[in-house]
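Asker: As a plain string of letters, each chain reads:
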Amino acid sequence: MVIINSNEKNEVKLYLLGQLDQSAAERFELRLLTDAAFGEEFDVIVNEITDEYVGDELHADDRKRVQQYFLTSTERQNKLRFASELLERAAIERAPASVVQAEPGMLERVRAFWGNMALLTRFATTFAAIVIVAGVLLLTIPGTRTSGTYAVVNLTISNSERASGSEIKQVRLEPGSPGIQIELALPDQVPQSKNYRVELLDEKHATRNLRIEQQTEGKLIVVVPANEIGPGSYIIRLYATNPDGAEQRIRGSYFFTVIL
Amino acid sequence: MHSLDNNTEPFDALLEWLDPDRETAGKRYEVIRGGLVRMFISNGVSDAEHYADETIDRVMKRLPEIKETYVGDPVKYFHGVARNVIRESRRRKEVLIDIVPDRLLQEPYKSDTSECLSKCLGLLSRDKQEFILDYHLYKGHAKIEHHRQMAGELAITEGALRTRAHHLRVTLEKCVLECVDNFGRNKTHVSSHT
Numbered sequence: 030m031v032i033i034n035s036n037e038k039n040e041v042k043l044y045l046l047g048q049l050d051q052s053a054a055e056r057f058e059l060r061l062l063t064d065a066a067f068g069e070e071f072d073v074i075v076n077e078i079t080d081e082y083v084g085d086e087l088h089a090d091d092r093k094r095v096q097q098y099f100l101t102s103t104e105r106q107n108k109l110r111f112a113s114e115l116l117e118r119a120a121i122e123r124a125p126a127s128v129v130q131a132e133p134g135m136l137e138r139v140r141a142f143w144g145n146m147a148l149l150t151r152f153a154t155t156f157a158a159i160v161i162v163a164g165v166l167l168l169t170i171p172g173t174r175t176s177g178t179y180a181v182v183n184l185t186i187s188n189s190e191r192a193s194g195s196e197i198k199q200v201r202l203e204p205g206s207p208g209i210q211i212e213l214a215l216p217d218q219v220p221q222s223k224n225y226r227v228e229l230l231d232e233k234h235a236t237r238n239l240r241i242e243q244q245t246e247g248k249l250i251v252v253v254p255a256n257e258i259g260p261g262s263y264i265i266r267l268y269a270t271n272p273d274g275a276e277q278r279i280r281g282s283y284f285f286t287v288i289l
Numbered sequence: 003m004h005s006l007d008n009n010t011e012p013f014d015a016l017l018e019w020l021d022p023d024r025e026t027a028g029k030r031y032e033v034i035r036g037g038l039v040r041m042f043i044s045n046g047v048s049d050a051e052h053y054a055d056e057t058i059d060r061v062m063k064r065l066p067e068i069k070e071t072y073v074g075d076p077v078k079y080f081h082g083v084a085r086n087v088i089r090e091s092r093r094r095k096e097v098l099i100d101i102v103p104d105r106l107l108q109e110p111y112k113s114d115t116s117e118c119l120s121k122c123l124g125l126l127s128r129d130k131q132e133f134i135l136d137y138h139l140y141k142g143h144a145k146i147e148h149h150r151q152m153a154g155e156l157a158i159t160e161g162a163l164r165t166r167a168h169h170l171r172v173t174l175e176k177c178v179l180e181c182v183d184n185f186g187r188n189k190t191h192v193s194s195h196t
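Quick mapping for you: the protein sequence lines, in order, are chains A and B.
Residue numbering for the first sequence follows my numbering, beginning at 30 and increasing consecutively.
Residue numbering for the second sequence follows my numbering, beginning at 3 and increasing consecutively.
Derived from the structure by calculation, the hints contain no laboratory data.
Heads up, the beta-carbon is just placed ideally off N, CA and C, and yes, glycines get one too.
Careful, some of the hints might be misleading.
[As the list claims (entries may be wrong)] Straight-line distance between alpha carbons at most 25 Å, and here's what the computed DSS-like set of lysine-lysine pairs gives:
1. B:Lys29 / B:Lys78
2. B:Lys145 / A:Lys38
3. B:Lys176 / A:Lys42
4. A:Lys93 / A:Lys42
5. B:Lys141 / A:Lys198
6. A:Lys38 / B:Lys121
7. A:Lys248 / A:Lys223
8. B:Lys121 / B:Lys78
9. A:Lys198 / B:Lys145
10. B:Lys145 / A:Lys93
11. A:Lys233 / B:Lys130
12. B:Lys141 / A:Lys42
13. B:Lys130 / A:Lys42
14. B:Lys176 / A:Lys233
15. B:Lys121 / B:Lys69
16. A:Lys93 / B:Lys141
17. A:Lys233 / B:Lys141
18. A:Lys233 / A:Lys198
19. A:Lys42 / B:Lys78
20. B:Lys78 / A:Lys233
[Unchecked claim] To be clear about the criterion: a stretch of chain B counts as covered by chain A if any three or more of its residues have a C-beta under 8 Å from a C-beta of chain A, and this derived list gives those stretches:
21. 77-88
22. 169-178
[Claimed, not checked] Just a sample of chain B residues kept apart from chain A, beta carbon distances all over 12 Å, derived:
23. Glu11
24. Pro12
25. Ala15
26. Arg93
27. Leu123
28. Gly154
29. Ala157
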């Protein structure tokens, strides 16, 4: 395969977006009919444009040209579906978890605080803590036990079908936590739907629906019990249900990673 | 599709016209056909393989008349015929369908593509699976930097990396599209029996 120079690459793009004049397009097409290596390079650029479209990387004008010219044949539309799946799969299976320095959790902070105390103070603190806990238990209604708190993560939809590192939020599932509460911000332009379906995809591409606990104008809240989710990368897809029962997928996906 | 072992007289004549050496003629034929397919797809003509063959058929039929008098590279003749085929195809499309490609990504049979991708990835070695997914991981500047890093790790040039990824993607895409096509046929078959 030949590596073409940037001018030639630009010409390929102009041709693919229908922007070459007739004589230039004719010269270009004659090269396609005579130069096998150029044909292969042409295919690479077709794939690049398709990927850039899927990844929402194109300027508005180019995006429009892609829709009106580049994607009009069935073959290109099939290519688009394939590219969308490939890029999404890459994001699920190969994306490193975002490198965010996690803030110390409650346990770490207590441990650090405890380590800095003198022995006598530790005894006194322990005693005081026992008294306080016993008091609280006596004041609460017998029979009801306070469960751990849900790990909460707020997600916004990513318009692309794959996530870049910065778009993947991490959520830490602490031991004893009953699960994860996921707050999904609804995109601005969604169909007027009262009903949604929330689909969770794991790394093995297994899908399941999540029950919507709460729904407001701009937000959906779903809960995943701790025993139903483990560490790994996840994608959430949203579907709006029309009054006639037909579903329409909301474009984009929510991405998150669960760590322990 | 016309095959090179097609021994019919018009096809032999076509190859002869392209080059006196049959092997060279065969290679030229393949390049022309591939170029025609790319040309049709790029001009919004669906079923490009069919129209590429249609173009070649027309050239073969006209060949006895033009062979002695035609001056110049035969490729230009193919190109002229292909342009006519494109014009005719556009005329047949009385109403252009207003396609909103974003919808394509939301259609129900996207799940077929997903399932087929899993299946076709499974046919690749673990190294190749990881390579093709890694290659398509990032976008923008991060992608350029990531490819540079991948090339360094594999001790190959970025150009060689790009070629390797392209060939693997072509194989994978072909497998997925065939699989999706079979899915569609099976569904039609099942629904026609229910």
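Asker: Look at each hint and say if it fits the structure.
Answerer: Verification of the hints:
1. B:Lys29 / B:Lys78: Cα-Cα ~17 Å, so holds.
2. B:Lys145 / A:Lys38: 18 Å, holds
3. B:Lys176 / A:Lys42: 23 Å, holds
4. A:Lys93 / A:Lys42: Holds, at roughly 14 Å.
5. B:Lys141 / A:Lys198: 18 Å, holds
6. A:Lys38 / B:Lys121: Distance of about 34 Å is beyond 25 Å: violated.
7. A:Lys248 / A:Lys223: 12 Å, holds
8. B:Lys121 / B:Lys78: 42 Å, violated
9. A:Lys198 / B:Lys145: 20 Å, holds
10. B:Lys145 / A:Lys93: At roughly 23 Å apart (the allowed maximum being 25 Å), A:Lys93 and B:Lys145 satisfy the hint.
11. A:Lys233 / B:Lys130: OK: A:Lys233 and B:Lys130 at ~18 Å, within 25 Å.
12. B:Lys141 / A:Lys42: 18 Å, holds
13. B:Lys130 / A:Lys42: Outside the cut-off at roughly 29 Å; violated.
14. B:Lys176 / A:Lys233: 23 Å, holds
15. B:Lys121 / B:Lys69: Violated, at roughly 49 Å.
16. A:Lys93 / B:Lys141: Holds, at about 20 Å.
17. A:Lys233 / B:Lys141: 23 Å, holds
18. A:Lys233 / A:Lys198: The hint holds at about 19 Å.
19. A:Lys42 / B:Lys78: This hinted pair holds, its Cα atoms lying about 23 Å apart.
20. B:Lys78 / A:Lys233: Distance of about 51 Å is beyond 25 Å: violated.
21. 77-88: holds (count 5)
22. 169-178: It holds: at least three residues are needed, and the segment 169-178 of chain B offers 5 whose Cβ sits within less than 8 Å of chain A.
23. Glu11: 24 Å, holds
24. Pro12: 20 Å, holds
25. Ala15: 19 Å, holds
26. Arg93: 15 Å, holds
27. Leu123: Non-interface label fails for B:Leu123: nearest chain A Cβ at 7 Å, not farther than 12 Å.
28. Gly154: 17 Å, holds
29. Ala157: 18 Å, holds
Hint compliance for this structure: hints 6, 8, 13, 15, 20 and 27 are not met, and every other hint is.
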